[in-house]
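Trainee: What follows is the residue order along each chain.
Number of protein chains: 4
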Amino acid sequence: MILAGLYGGRGYVARELARLLIAHPQAEIAWWHSREAGSAEEAHRNLMGTGLRFVSGNEPPDADVAFICAPVGVAMDVAPALLERGVKVVAMAADFRLKDQGVFERVYGTHRRWELVKEAVYGIPELHREAIHSARLIANPGCFSSAAILALAPLIRRGGVDVRRLVVDGISGTSGAGAGLDRSMHHPEMWQTVLPYNVVDHRHSYEMESQLSALAGEEATVHFTSYYGCFGRGILAACHAFPEKLPEREALLDAYEEFYAGHPFVRVNRLPRDAEAGWNYAPYPSVADVAGSNYCQIGLDVDERRGRIVVFSAIDNMGKGACGAAVQNMNLMFDLVETVGLTTPGLGI
Amino acid sequence: MILAGLYGGRGYVARELARLLIAHPQAEIAWWHSREAGSAEEAHRNLMGTGLRFVSGNEPPDADVAFICAPVGVAMDVAPALLERGVKVVAMAADFRLKDQGVFERVYGTHRRWELVKEAVYGIPELHREAIHSARLIANPGCFSSAAILALAPLIRRGGVDVRRLVVDGISGTSGAGAGLDRSMHHPEMWQTVLPYNVVDHRHSYEMESQLSALAGEEATVHFTSYYGCFGRGILAACHAFPEKLPEREALLDAYEEFYAGHPFVRVNRLPRDAEAGWNYAPYPSVADVAGSNYCQIGLDVDERRGRIVVFSAIDNMGKGACGAAVQNMNLMFDLVETVGLTTPGLGI
Amino acid sequence: MILAGLYGGRGYVARELARLLIAHPQAEIAWWHSREAGSAEEAHRNLMGTGLRFVSGNEPPDADVAFICAPVGVAMDVAPALLERGVKVVAMAADFRLKDQGVFERVYGTHRRWELVKEAVYGIPELHREAIHSARLIANPGCFSSAAILALAPLIRRGGVDVRRLVVDGISGTSGAGAGLDRSMHHPEMWQTVLPYNVVDHRHSYEMESQLSALAGEEATVHFTSYYGCFGRGILAACHAFPEKLPEREALLDAYEEFYAGHPFVRVNRLPRDAEAGWNYAPYPSVADVAGSNYCQIGLDVDERRGRIVVFSAIDNMGKGACGAAVQNMNLMFDLVETVGLTTPGLGI
Amino acid sequence: MILAGLYGGRGYVARELARLLIAHPQAEIAWWHSREAGSAEEAHRNLMGTGLRFVSGNEPPDADVAFICAPVGVAMDVAPALLERGVKVVAMAADFRLKDQGVFERVYGTHRRWELVKEAVYGIPELHREAIHSARLIANPGCFSSAAILALAPLIRRGGVDVRRLVVDGISGTSGAGAGLDRSMHHPEMWQTVLPYNVVDHRHSYEMESQLSALAGEEATVHFTSYYGCFGRGILAACHAFPEKLPEREALLDAYEEFYAGHPFVRVNRLPRDAEAGWNYAPYPSVADVAGSNYCQIGLDVDERRGRIVVFSAIDNMGKGACGAAVQNMNLMFDLVETVGLTTPGLGI
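Protein chains in written order, with my numbering: chain A, 189 to 537; chain B, 189 to 537; chain C, 189 to 537; chain D, 189 to 537.
Careful: at least some of the hints might be erroneous.
[What the hints assert, rightly or not] Chain B stretches covered by chain C per the calculated footprint, using a threshold of three residues with CB under 8 Å from any CB of chain C:
id : region
1  : 298-304
2  : 343-357
3  : 412-418
4  : 478-491
5  : 494-504
6  : 513-520
Everything labelled a hint here was simulated from the structure, so no lab data went into it. Since the model is a prediction, treat every value here as computed from it, not as a measurement. Built from N, CA and C at the ideal position, the CB exists for glycine as well.
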């Protein structure tokens with residue numbers, strides 16, 4: 189059994205990690221640290237009956253791995269002591285995600301332990317599986333970043349698109365807004381709408397650009413806009429790219445399937461356009477089909493008349509976009525089967 | 189590994205059973221029978237990448253257990269051959285739920301294999317765990333029936349309420365309406381409403397009355413009304429009972445905890461009224477906290493001024509209300525740990 | 189033009205009243221008082237472009253009518269000065285709704301101007317139209333109260349039911365929770381649930397009992413429970429009554445139609461059970477069909493086997509349940525056509 | 189009183205037009221034609237109590253104006269006879285929207301009355317108010333077209349952006365899918381998702397390109413993708429443009445305000461970024477704030493780092509995107525005040 193510690197008590201990332209670890213057959217929650225001790229069941233009513241409690245205080249007890257579910261800035265402070273004691277660390281916030289210190293500090297402010305960034309591995313196993321295997325510090329990716337990078341990586345790797353004009357719209361469920369109360373997340377205001385926010389220069393843009401530039405071998409620019417939709421879980425990323433020479437749709441789908449061969453959590457949608465599922469929507473992913481899971485579904489199309497490629501990815505922002513990915517990274521770090529604890533398909537309904 | 193067969197391909201009960209069995213560590217889908225052969229991934233896009241396919245034809249292949257996910261009337265026809273070949277059977281529809289032939293036939297029409305009803309065990313483990321252990325034929329309960337019976341059983345067992353005036357309102361997610369298209373389930377008509385249907389003499393009333401009468405030792409009458417709410421998964425059952433002598437709330441809660449001691453999937457909410465969760469709602473269950481799980485949460489209150497007891501139960505209609513319960517029954521029939529494959533807590537968000 | 193003043197700036201009742209008054213052809217907003225002056229468009233973005241602003245300070249300017257949209261306790265303080273200056277007053281909170289001082293003070297605390305209660309008219313025109321015509325002070329009813337009273341009044345007037353065991357479940361949209369942030373109304377927690385709250389001894393119970401007792405000529409007891417559903421606007425009230433002698437459904441429908449003859453905003457659903465609308469739900473109201481309007485739709489059924497009558501009413505909690513009713517009352521007080529400004533049918537979709 | 193005829197009985201466009209005309213003080217429904225005669229209240233339960241009925245047969249009775257709410261192809265057949273009899277016509281489908289016959293026929297098939305297209309006026313009053321005043325045939329715009337054109341027109345008129353790379357994402361409520369049952373619109377499948385459809389070469393692209401090219405004075409290319417969101421009413425259009433020289437945000441807002449000066453239904457959002465409304469979302473429109481109304485709200489931002497302009501517009505797809513615009517066009521054609529019958533602000537909650 190892997191002993192897992194949770195750092196950060198009342199947020200949604202911690203809640204979801206607890207939910208996944210409770211069901212994980214080869215891991216268990218050793219401790220759950222929060223500023224205030226108390227019953228975790230009051231803060232997280234879906235965990236009622238588990239008997240889980242928050243501990244507080246400065247010195248977290250022993251564990252094999254610790255998930256730091258706290259705002260950016262905390263992980264860089266608590267990780268060093270954990271690593272020193274041999275505890276592997278998964279940082280759920282942005283502390284170790286960007287490799288360019290100038291960019292990081294402009295976006296997030298001063299970094300107090302930049303030397304850790306060098307050894308941190310960006311936690312998308314579909315791009316960095318080998319490095320994750322041997323890592324002791326994971327920079328777990330941002331939710332929108334995961335969705336956009338998974339959607340665009342095979343296309344960028346393949347080449348032939350204008351990497352300075354990648355346009356990405358990301359629509360997230362409101363769990364992405366976190367547990368803090370906010371008027372825009374008040375149910376009467378949010379239940380029947382779709383709401384743009386952080387519409388330019390979103391922090392996650394830099395993660396996308398960092399990862400995709402590495403794949404492209406040149407500087408990529410991601411024009412990213414985010415939205416909240418009136419559902420709880422999931423992200424749909426719609427990624428528009430302009431090709432130099434228009435590829436055939438089937439050839440692109442082949443490239444995607446090849447890229448993700450051997451990666452169990454990414455599924456490329458090759459349903460025929462007239463599949464029984466209704467409309468002519470069958471070849472594109474629907475957020476509901478991955479909600480509650482660690483899966484990513486990808487679909488794409490090509491506008492032959494106007495010269496555009498559009499790629500869609502759907503993930504659960506709390507799953508593959510955060511906690512599912514973190515568990516997948518844990519599995520790899522501890523040489524477990526990559527999928528253990530994560531095999532439940534999406535809800536669908 | 190338990191080899192499980194699914195009978196009935198394109199409905200939501202089959203979809204959800206497949207989802208649970210895929211993640212179950214000690215069972216696997218041996219075959220999935222449907223009227224038309226084909227890819228299960230087109231019908232159930234949340235299963236994309238599983239490679240599951242429907243088989244058709246008259247003779248289902250071997251299995252240890254078969255789940256009959258078909259409208260009432262099918263299970264009574266296909267169960268006998270399966271049982272003869274040593275396959276245990278879980279009937280997801282109403283074929284074997286009612287013990288009174290007159291009542292059954294008035295509600296559902298002619299029964300062609302009544303002798304099977306006698307050996308069928310009603311699949312609520314919290315009431316019939318021992319019988320389920322040794323059963324080869326399970327009558328899996330109706331979704332509303334499960335919610336109402338779990339809410340009322342401890343109260344009825346305790347006694348002291350007017351069992352002829354049990355008033356139950358059950359609000360279900362729309363997955364309960366099934367996969368068949370219907371104008372009232374068209375999203376534009378359903379997304380912002382709550383809709384009464386089957387408002388008197390609902391078929392599930394008879395299951396509730398059958399089980400609760402047995403507990404009461406006298407004839408119980410359940411005045412049941414059902415509604416669809418504008419969410420996908422879950423049932424809230426609100427059960428009103430009139431006591432002869434008003435009990436104290438704490439004493440009632442004690443009785444519920446005692447009744448469900450040793451039953452891992454039922455959780456009695458004893459949060460204080462001023463818990464941090466907001467409003468003064470903390471002591472009552474919220475459907476979201478059990479959605480996606482096999483858990484049932486129960487809360488209750490007492491109106492001291494007017495003399496009424498109200499008990500709420502929340503379940504996932506697809507989970508504890510159907511497929512989760514079916515897997516729990518399977519676990520018991522095959523002497524597995526009762527909770528295996530069902531340990532994921534509710535979604536919460 | 190009727191000059192209308194709004195007292196209370198940032199709540200949802202004020203927002204909705206402004207929305208209705210802007211579109212009213214014979215009334216206009218003369219002033220909108222709030223604790224802090226400022227643009228109303230920032231607080232209420234649906235009013236963008238109207239140029240409306242909040243005024244503050246102690247002395248509200250002149251008007252023909254003032255709507256007091258403030259928590260209970262404010263109207264009793266500000267109404268006297270307004271009435272003295274000849275301004276008619278519609279109190280949107282509970283200050284003047286209950287006629288029994290002992291009950292009022294137990295539920296809401298001390299009343300500082302009880303003499304005003306005597307002249308206040310309870311603002312359900314379908315019961316008190318004549319008194320409203322000549323009133324200068326209206327006690328605008330509670331949202332659940334309106335729904336339950338409209339559903340039960342014809343039945344109680346008709347007689348023959350057990351008035352001590354009226355069971356009412358009221359499911360409200362979350363706009364009923366108001367503009368104040370609360371964890372239970374945080375979208376990620378509320379979007380996929382139905383949530384019981386105030387499950388016994390709800391304040392609105394007393395309004396229902398007060399009005400229905402008057403109709404019954406004896407003391408009525410309403411066993412009321414409230415819920416939030418995951419939609420924004422609307423209330424469905426489900427009212428269960430036990431008859432001494434079971435009436436025929438058609439006879440009951442006749443009684444309802446007769447009761448509401450000449451009342452333009454209450455519509456009794458007499459659609460056949462097999463109407464094209466789907467399921468067998470046609471004879472019951474759906475909240476969506478009255479959302480955004482001042483209409484109330486009523487449907488009912490009779491359980492011949494078990495002896496129960498169930499009556500459903502659907503209203504918009506912000507419309508007929510609050511602001512629509514307030515405008516209807518204003519129309520009557522100023523001898524306008526009762527329906528002016530309120531003729532838009534419900535949204536439906 | 190303007191006598192209005194409705195052609196097409198059971199769809200959502202007809203339902204919404206009826207709803208608006210019922211409340212319109214200077215128009216009334218003279219007849220409502222449908223293939224089958226019968227009660228309109230069964231098909232449209234929000235109209236219960238209106239007594240409206242469908243008439244059938246070949247010869248529609250007299251009227252001042254007829255709204256043709258039927259699939260493309262019908263209006264071109266029925267309009268000529270109506271126009272001959274002096275009835276003004278508003279075609280709600282695409283029959284007369286495109287001015288290039290080659291494009292029309294490739295997209296929609298053969299046009300049988302092309303000569304009518306020449307006199308038809310494209311019904312966006314903010315662009316063609318004068319022509320609408322004197323028109324007898326209106327091509328009412330597509331819902332997405334209205335949203336995108338209103339968002340982009342001032343920018344295109346101003347110039348300085350790459351008109352060949354306009355990227356538009358349009359997220360629509362499901363009422364846009366119409367009343368026909370479809371599996372993707374089945375509530376259990378749609379309630380918790382966002383779903384791409386018609387992701388390239390959408391028919392509305394051609395309307396956008398037609399109108400924007402005219403404004404640009406050169407050929408504009410719109411890379412348009414559409415989605416359904418899990419709400420009923422509204423469209424958010426997100427329009428990305430690449431400028432040659434980056435404008436200041438305030439200068440752009442000035443240009444938008446100037447463009448829409450004198451146009452009462454378009455509101456440019458100039459709220460400060462730190463407005464009280466929460467998050468930093470204040471300067472962008474939310475669909476909920478225009479739902480149920482004829483208003484369009486516009487907000488925009490500029491990415492100074494990467495060189496992108498993003499403009500958002502929000503409308504009700506059934507309001508300004510269809511029926512509200514149609515009534516506005518009717519008002520202009522009959523020299524009424526442009527806003528009459530359309531003054532209700534958006535729902536907000």
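Trainee: Now look at each hint and say whether the structure bears it out.
Mentor: How the hints compare with the structure:
Taking a C-beta to C-beta cut-off of 8 Å, the region 298-304 of chain B contributes 0 residues in contact with chain C, too few for the three needed, and the coverage statement is violated. For the region 343-357 of chain B, the assignment as covered by chain C holds, since 3 residues bring a beta-carbon within under 8 Å of that chain's beta-carbons and 3 suffice. Figure legend: the region 412-418 of chain B, annotated as covered by chain C; annotation consistent (4 residues with Cβ-Cβ distances under 8 Å, at least 3 required). Given a C-beta distance limit of less than 8 Å, the hint that chain C covers the region 478-491 of chain B holds, as 5 residues qualify and 3 suffice.
With a threshold of 8 Å between beta carbons, the proposed coverage of the region 494-504 of chain B by chain C holds, since 4 of its residues qualify and at least three are required. With 0 residues bearing a CB less than 8 Å from a CB of chain C, the region 513-520 of chain B misses the requirement of three and the coverage assertion fails.
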